[in-house]
Amino acid sequence: MCRRSPLALLALAVLLCACSGSSQTSGQDGPADPTTDPAAEPPSVDQYETFDPSAYEAQPPERAVEVEHRVPRQLMRGRADEEIRRTVDGFRIQVFSARDKQVAQEFREKVRQWWKEDKEDAPAAFGEDPPIVTEYSQPYYRVRIGAFAERGVAEEALAFVSKKYPKAFISRGTVTVTQ
Numbered sequence: 082m083c084r085r086s087p088l089a090l091l092a093l094a095v096l097l098c099a100c101s102g103s104s105q106t107s108g109q110d111g112p113a114d115p116t117t118d119p120a121a122e123p124p125s126v127d128q129y130e131t132f133d134p135s136a137y138e139a140q141p142p143e144r145a146v147e148v149e150h151r152v153p154r155q156l157m158r159g160r161a162d163e164e165i166r167r168t169v170d171g172f173r174i175q176v177f178s179a180r181d182k183q184v185a186q187e188f189r190e191k192v193r194q195w196w197k198e199d200k201e202d203a204p205a206a207f208g209e210d211p212p213i214v215t216e217y218s219q220p221y222y223r224v225r226i227g228a229f230a231e232r233g234v235a236e237e238a239l240a241f242v243s244k245k246y247p248k249a250f251i252s253r254g255t256v257t258v259t260q
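Okay, so the sequence shown: first residue is 82 according to my numbering, each after it adds one.
No wet-lab data here; the hints were simulated from the structure. Wrong hints could be hidden among the right ones.
[As the list claims (entries may be wrong)] Each computed DSS-like pair below joins lysine-lysine, with the alpha-carbon atoms no more than 27 Å apart:
1) Lys245 - Lys200
2) Lys197 - Lys245
3) Lys248 - Lys182
4) Lys197 - Lys244
5) Lys191 - Lys245
6) Lys248 - Lys200
7) Lys244 - Lys200
8) Lys244 - Lys191
9) Lys248 - Lys197
10) Lys197 - Lys182
11) Lys182 - Lys245
12) Lys191 - Lys248
13) Lys244 - Lys182
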């Protein structure tokens, strides 16, 4: 074991000496900076350009730029979110239900005629022309009027419809409303 120790120490010393570099530096920090040479000037374009525009009389046209903005009026008025159609879980007023499709279609036409006659007295909740639809949910065809996003508005409309159709009621459903 004693013999190996001096050999191991000698090998370790040689290895450490080989790995350590020279302690002297060359004094140069890196490559010379090319912009510090004051004698060098940037090359002129004249050295490479051979086109002479003075031989031509034509001048470039003057530009008269007129910008026309095509922004929708409702954006200009600050009402971008006005009159957007959305499909929401809302309410309709059911006025009739039947198992026969033909009977439901005939009743829907009666409701349309009634609406044409009485729409001047209708509350604003209905809008200009409310949808009058026949929806099928097994086994019934249901005639419904209006499309309301809020129940309070649907109740206001129900008060008007109940004068003509006393058994009418509010039903939930998916409706498309304009907000």
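Structure-based check of all given hints:
1. Annotation: proposed proximity of Lys245 to Lys200 holds, straight-line Cα distance about 12 Å (limit 27 Å).
2. Taken as a hint, the Lys197 and Lys245 pair is honoured in the structure, with Cα atoms around 13 Å apart against an allowance of 27 Å.
3. Annotation: proposed proximity of Lys248 to Lys182 holds, straight-line Cα distance about 20 Å (limit 27 Å).
4. With a CA separation close to 15 Å, the supplied pair Lys197 and Lys244 stays within the 27 Å bound.
5. Pair hint Lys191 plus Lys245 holds up; C-alpha atoms about 11 Å apart against a cutoff of 27 Å.
6. For the hint linking Lys248 to Lys200, the alpha-carbon distance of about 20 Å falls within 27 Å, and the restraint holds.
7. Distance hint between Lys244 and Lys200 is fulfilled; the C-alpha atoms sit about 13 Å from each other, no more than 27 Å.
8. With a CA separation close to 15 Å, the supplied pair Lys244 and Lys191 stays within the 27 Å bound.
9. Our distance criterion of 27 Å between C-alpha atoms is met by Lys248 and Lys197, whose separation comes to about 21 Å.
10. Distance check on the hinted pair: Lys197 and Lys182 sit about 23 Å apart at the alpha-carbon level, within 27 Å; holds.
11. A distance of roughly 22 Å separates the Cα atoms of Lys182 and Lys245; the hinted pair therefore holds under the 27 Å criterion.
12. Between the alpha carbons of Lys191 and Lys248 the distance comes to roughly 16 Å, so the proposed pair stays at or under 27 Å and holds.
13. Taking the CA atoms of Lys244 and Lys182, the gap is about 25 Å. The hint holds against a cut of 27 Å.
The earlier numbered hints are all upheld by this structure, with none contradicted.
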